[in-house]
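Engineer: Next come the chains, spelled out residue by residue.
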Amino acid sequence: MTIEWGWFPDHADEMARLTADHLATAVPAVLLGLLIALPLAVLAHRIRPLRGIILGASNILYTIPSLAFFVLLLPVTGLTRTTAIVGLTAYTLVVLVRNTVEGLDAVPVKVREASAAMGTGPLRTLLTVELPLALPVIMAGVRVATVMSISLVSVASYIGYGGLGQLFTDGFQRNFPTPVIAGVALTLLLALVADALLVTVQWLCTPWRRGTSRQRTSLRRKAA
Amino acid sequence: MLELLKNLAAWLTSPAQWSGPEGIAARILEHLEYSVLATLAAAVIALPVGLLIGHTGRGAFLAVNLSSFGRALPTVGLVTLVFLAGGLSVWPVYVSLVALAVPVIITNTYAGMAAVDPEVKDAAKGVGLRGHQVLWQVELPLALPLIMTGVRLATVQVVATATIAAYVSFGGLGRYVFDGLAQRDLVQVLGGAALVAVLAVVADLALGGLTRLLFRGRPATAR
Chain A
1 MTIEWGWFPD HADEMARLTA DHLATAVPAV LLGLLIALPL AVLAHRIRPL RGIILGASNI
61 LYTIPSLAFF VLLLPVTGLT RTTAIVGLTA YTLVVLVRNT VEGLDAVPVK VREASAAMGT
121 GPLRTLLTVE LPLALPVIMA GVRVATVMSI SLVSVASYIG YGGLGQLFTD GFQRNFPTPV
181 IAGVALTLLL ALVADALLVT VQWLCTPWRR GTSRQRTSLR RKAA
Chain B
1001 MLELLKNLAA WLTSPAQWSG PEGIAARILE HLEYSVLATL AAAVIALPVG LLIGHTGRGA
1061 FLAVNLSSFG RALPTVGLVT LVFLAGGLSV WPVYVSLVAL AVPVIITNTY AGMAAVDPEV
1121 KDAAKGVGLR GHQVLWQVEL PLALPLIMTG VRLATVQVVA TATIAAYVSF GGLGRYVFDG
1181 LAQRDLVQVL GGAALVAVLA VVADLALGGL TRLLFRGRPA TAR
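Chains as they are written, first to last, in the numbering used here: chain A, 1 to 224; chain B, 1001 to 1223.
These aren't lab readings, by the way, just hints derived from the structure by calculation. Hints should not be assumed to be uniformly reliable.
[Unchecked claim] Derived coverage of chain B by chain A (criterion: at least 3 residues anywhere in the stretch with Cβ under 8 Å from a Cβ of chain A; other residues may be distant):
| id | region |
| --- | --- |
| 1 | 1041-1055 |
| 2 | 1154-1164 |
| 3 | 1185-1191 |
[Stated by the list, open to error] Cut-off 20 Å, straight-line C-alpha distance, at most; resulting in silico cross-link-like pairs (SDA-like, lysine to any residue):
| id | chain 1 | residue 1 | chain 2 | residue 2 |
| --- | --- | --- | --- | --- |
| 4 | B | Lys1006 | A | Leu72 |
| 5 | A | Lys110 | A | Leu126 |
| 6 | A | Lys110 | A | Arg46 |
| 7 | B | Lys1006 | A | Gly78 |
| 8 | B | Lys1006 | A | Glu14 |
| 9 | B | Lys1006 | A | Leu74 |
| 10 | B | Lys1006 | A | Val76 |
| 11 | B | Lys1006 | B | Asp1185 |
[To be verified] Derived contacts from chain B toward chain A, CB cut-off under 10 Å, selection only:
| id | residue |
| --- | --- |
| 12 | Gly1077 |
| 13 | Leu1142 |
| 14 | Val1196 |
Ideal Cβ positions, reconstructed from N, Cα and C, are used throughout, including at glycine.
Bound-form chain A, shown alone (with noise of 0.2 Å):
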C-alpha cells in the first residue's frame, strides 16, 4: 500500500473542513449527553428504586449497534445531523450516567451530612459540594463518552454526516488508501487532543486535587 503524500496539501482545505464537520457532530452530543445524564445520575443516586431502572436503560440502549441506532432514528429525523447527534447522545449516556452515580456514590456521607450541619440545603449541598467532589469520576466518564463519540462519528459516513469518516467511504469508492489513512490519522490525533484538553480542564477544575498524585491514581484507577 503506497502513501501519496502529495494528496495531504492538495487536500488540506478538505481535511480541516471534515475536521471541523466532525467536532460539530462530536462536541453536541457528548454535551447534550452530560445535559440528560447529569439529572438523572442524580435521580438514581438519591431516589433507591430508580437506580435499576436508569442504569438498566442506559446499558440497554448502549447494546444497540451504532449503525442500527442511526438507520432506526431515520424515520423520525430523517438523513439530517440531529439523527447522527441524537445517536451519540444515546451512546454517551451509558458511560455518563454510570460514572456520575458512582461519583456520587463515592462522596463520604460524612462530607454531606457536615454540609447539612451548616444549614446547606439539598440542591445547594448538590451542587456546591457533592458535584465538585464526585468531578473526577464524572470527568473519567466524560473522557471516554468524547473518545467513543469521535471515533463514532464516523460510523455515520453512511447517511452522510460522518465528518472524517466522508474520507473512508471516498478512498474505499475510489480504491484509493490514502485519504483512508489521512481519516484514521486524524480521527486519532482528534481523540487524543480531546482527551488531553479534557484533563486540563479537569485540573483547572479541581485545584484541591493537585499534589496528591497517590490519591489520585487510586481514584482514577476506581474510575476505569
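Position chain B against the provided structure of chain A, taking the given hints into account.
Structural biologist: Just chain B, lined up with the frame of chain A:
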C-alpha cells in the same frame, strides 16, 4: 410512521424472507460466525496478555492506554484500510473486529487482576503457593467476574460492528442495512438494524446468564 412499522412487521415475519441462502436465518448464521470467531480470536490474544500484565504488574501503562486507543480507532476506517491493502477477502472483517475486541478484553482482564487484594496474594504465597499457582488458583478465580464483563462488552461491540462485513461485500445482517441504504429501501434497512440490535442484546443476556451460572453462590461483591 405506522405504515412503516406495518411494512417492517411484514418484512420480518414473511416466511420467504427467512429461508434460502439470502434469507434472514442464513444471514444470522453468517453474522454469528463472524462475531463468534472474532471474539474467540480476540480472547485467545487478549486473555494471556491481560493476565500477564495483571500478574507481573509490568506494562500496566500499556494496558490502560490501549483501551483509550482502541476506543479512538474508527472501525470503519480500519476495515476500509485493510480491504484496500489486502484485496477482497474476509480478512479485513476479522482484523477490524479483533482489533475492536482485544483492547476491551485486555483492559478488563488487567483491571480484574489489579483489583485482587494484595493481602490475599501475600497470604497465598505465605501458605507456600508458587507464582503460577497464585495466578491460576487465586488471582484468576477472583478476577473472573471482571474478565467476563470484558468478554461480554467485547462480544456486544463485535456483534454490533459485524455489520461492516457487508460494507466490504460479505454477508451477515449488515447486508440488509447496506443493500437497503443503496436501494433506498427503508424497511429493509430498519429490518436489518433491528435484527442486529436484537442479536446483540440476546448475546449480552446469554453471556450474562452464563456468568451468573458460573458465579452462583459467590458473595455479591464478586458478581
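Engineer: Would you mind marking each hint as holding or not holding in the structure?
Structural biologist: How the hints compare with the structure:
1. 1041-1055: violated (count 0)
2. 1154-1164: holds (count 5)
3. 1185-1191: holds (count 3)
4. B:Lys1006 with A:Leu72: Holds, at roughly 15 Å.
5. A:Lys110 with A:Leu126: Judged against 20 Å, a Cα distance of about 14 Å means the pair holds.
6. A:Lys110 with A:Arg46: Given pair A:Lys110, A:Arg46 holds - Cα atoms ~16 Å apart, limit 20 Å.
7. B:Lys1006 with A:Gly78: The hint holds at about 19 Å.
8. B:Lys1006 with A:Glu14: Roughly 42 Å separates the two Cα atoms, so the pair is violated.
9. B:Lys1006 with A:Leu74: 16 Å, holds
10. B:Lys1006 with A:Val76: Given that 20 Å is the threshold and the Cα spacing comes to 16 Å, the pair holds.
11. B:Lys1006 with B:Asp1185: 14 Å, holds
12. Gly1077: 4 Å, holds
13. Leu1142: 16 Å, violated
14. Val1196: Check passed: Cβ of B:Val1196 comes within 5 Å of chain A, closer than 10 Å.
The structure does not agree with the numbered hints 1, 8, 13 stated previously, though it agrees with the rest.
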